[in-house]
Each structure stands twice: as structure tokens, then as C-alpha cells.
Amino acid sequence: MRMETFSRSEILQELKSRTVSLAANNNRGFKQEFRELSEVGKDLPTKAGTTEANKEKNRYPFILPYDHSRVRLSVLNQDPVSDYINANFVPGGGSERDFICTQGPLQNTLPDFWRMVWEQNVRIIVMVTSLKQKHTIMCEKYWPLESGTMYCGSIQVTTVTRKQVTDFFVTTINLQQRGNPNDRIITHYYYPTWPDQGVPDPSSLCMFTEHVRQHLEVIPRLGPAVVHCSAGVGRSGTFVTLLWLMQLCMRGIQPNIKAAVEDLRLHRMYMVQTPDQYILIYHCLLHWLSGGAIGRSQSQGAKLNANQQAKVSSSGRGDKAGRRRRSSQQQTPPTPQSENSVQQILKPGNLLRRLLPSLSNVKTSNSS
Numbered sequence: 001m002r003m004e005t006f007s008r009s010e011i012l013q014e015l016k017s018r019t020v021s022l023a024a025n026n027n028r029g030f031k032q033e034f035r036e037l038s039e040v041g042k043d044l045p046t047k048a049g050t051t052e053a054n055k056e057k058n059r060y061p062f063i064l065p066y067d068h069s070r071v072r073l074s075v076l077n078q079d080p081v082s083d084y085i086n087a088n089f090v091p092g093g094g095s096e097r098d099f100i101c102t103q104g105p106l107q108n109t110l111p112d113f114w115r116m117v118w119e120q121n122v123r124i125i126v127m128v129t130s131l132k133q134k135h136t137i138m139c140e141k142y143w144p145l146e147s148g149t150m151y152c153g154s155i156q157v158t159t160v161t162r163k164q165v166t167d168f169f170v171t172t173i174n175l176q177q178r179g180n181p182n183d184r185i186i187t188h189y190y191y192p193t194w195p196d197q198g199v200p201d202p203s204s205l206c207m208f209t210e211h212v213r214q215h216l217e218v219i220p221r222l223g224p225a226v227v228h229c230s231a232g233v234g235r236s237g238t239f240v241t242l243l244w245l246m247q248l249c250m251r252g253i254q255p256n257i258k259a260a261v262e263d264l265r266l267h268r269m270y271m272v273q274t275p276d277q278y279i280l281i282y283h284c285l286l287h288w289l290s291g292g293a294i295g296r297s298q299s300q301g302a303k304l305n306a307n308q309q310a311k312v313s314s315s316g317r318g319d320k321a322g323r324r325r326r327s328s329q330q331q332t333p334p335t336p337q338s339e340n341s342v343q344q345i346l347k348p349g350n351l352l353r354r355l356l357p358s359l360s361n362v363k364t365s366n367s368s
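Under the UniProt record's numbering, the final residue of the sequence shown carries the number 368; numbering is consecutive throughout.
Do not rely on the hints blindly, as some may be mistaken.
Here are the simulated DSS-like pairs of lysine-lysine, each with C-alpha atoms no more than 27 Å apart in a straight line [claimed, not checked]:
hint, residue 1, residue 2
1, Lys31, Lys47
2, Lys134, Lys55
3, Lys55, Lys132
Hint data in this document are derived by calculation from the structure and do not stem from the laboratory.
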């Protein structure tokens, strides 16, 4: 397949023009695009997450993994529900399994989280939430913040080094599995500076995302990268979309934000959950394409200490959905699409056509 490519300046000019058009009349175009995404994936089945044995493993009762793309853990002690974790494989520019998007671990799912990291051969974890928002726990502390060792099931987790880079922290973690003589090194990227009830400064998020993107470019892709916030949909989806489109731009492909979000929502529900998050992707891409990846970081972010969690929060309904983990309200389960329908939607060729800006830019080898 041959594809028309564009220079960075051409991509920037086209994106500028589109952004101006969408922003007219109080962001009318942005809001319309976002509304058109509301139906995507909503009828895909989430059977595993609704079983009684797995309900306690979900941070929010309304954020569940789609069955067709959920990460399956190895079965322990012949217990069929031990394969469950609230996580989905999602695409990101290379394959349908470039990333795993998941919720922030709960106290009772810490062993499952690290078992997933080990079994999927994960080498990079990206965390885009603080541990606490005021008095609400957004994510359990699943690694030693400064130094030391903790044990999660059969996995020993040791913090080796930690450094602060303006608004984020980069930690090197050593993993050892009981009974396995080989250890592994994990790089943990921690971005706690997402403002309360809002979105981060584009220069700050661009610098963080570019840092991760460059790391992904130079290391062997042994397994997917894990991305999580609190619910694993709002901020996680925003980050993955931005990183994915940066990679496309680097290859000279015009980014189609709506198509990328659509594809992500076919793999995990509510990815990029608020209009503000959706608009943020446009602003970040413009900033990055203009050469602003090393832009000025937020002054307050540069002074953050890893233990000052309470000042940072989630944003949007995705990470606030179901603030109470338990709900007495009974939900009517969605009507699942047929298996053939799901498979048709998720065919790689169909995904590619939605991702690319237009079919006129794609020429297959047997096209006339």
C-alpha cells in the first residue's frame, strides 16, 4: 500500500485551518464532532465485567472492559474468573495491541495489575492521574514512590531510581517474579499535574507525551505499554490519542482526530470522555507541530513533589464516573452486537480506512 504523505508544515497548516473552522461559533464544530462519537461502541458487550465475582474488581461500576478486546490474565488455581482485569488492548499506530488502557489499581487488584504487566511483557507504564483528589483515592499506590520494595502477589516491585522532569516523574522499577530467575526493568512515567476540573497546559502535556514517544521509538517493543488514569478512559484516552497522532504526523500522515478516537472507543468505552479533552488534543497537536514540545511547563508543576498528590485531580466524567464504587441502582445491560458485526467493525482494513484522512490518499497495489 502506497500512501500520500505531507510535510510537517503542510500538516500544521491543514490542522490550523480545521481547528479555526471547528472553533467558530463557540466551538460549535468541536461539539458536533464529539456528539457524533457518543454512539460509538455503546452496544459492545461487557459480560465479563458484570459477573458477580468480578464486580469488586471494577473501580467504577459504569466503566467496564469490552469483552472482545479485554486483557485476559492466566487462570489461577482453575478459577475461571481469575483471568479478569478491567483493562483493554487498544491500537496506537502499529497494531491493535500497542497499548493497554486500564483503571488505576484498587487495593484488591494490585496483584492482578502487576501480573498483567509481567504476563504481557510490559516495559513502560504511563500514569496520568494523581493518587488522591482531595480525600478521594484515584489510584492505589502500586510502587514505592521514593525507594524500597513492595510485594504484590507473586511479583516483587523495587524502585531503583526516580527523577523529576519539570511536571512529571520518571522511575526505574525492577520486577522479579517468584520462582523466575530473570528480572525485568520497567520505566514508569508519572504525570500528576492534570488540573482539578480542567485540562493541563498544552505545552506541559506535549512535553510529557513527546518524552514518552521518543522512549517508545528507541526501545524494542517487547509488549504493549500500559496507560492508566483513575477510570482508564478519559485522560488515558486523551494521552493515547495524542501520542498516536504524533506518530502519524512523524510519518507524514494527516491526523484525523475524530477517526482515531472512534477507533479507540471500539476497543474501550468512553475513550476521550469530555469535549474539553477532545479539544485539548487539537491544541496539543498544534503546539507540538509548531515546535513546542519543549514548551514552557507550568511553574507550579515544576515544583511538585511526588507526595503532594492532593492538589491534582481527574478531569471529566470519564474519571469521575461513578465516584462511588458501589451502586445500588440496577443497570439494564446493553444489547450486545452480534459476533459477526463486531468482527466486521474491527477488521484491520476497516480500522485503517477510518484512521486515514481520506480514501483518496490511499492507493493499494492492485488499484487501477
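For each hint, the structure was consulted:
1. Between the alpha carbons of lysine 31 and lysine 47 the distance comes to roughly 31 Å, so the proposed pair goes past 27 Å and is violated.
2. Distance restraint check for lysine 134 and lysine 55: the Cα-Cα separation of roughly 25 Å lies within the 27 Å cut-off, and the hinted pair is therefore satisfied.
3. Only pairs whose Cα atoms come within 27 Å are accepted, and lysine 55 paired with lysine 132 is accepted, the gap being roughly 22 Å.
When held up to the earlier numbered hints, the structure conflicts with hint 1 and nothing else.
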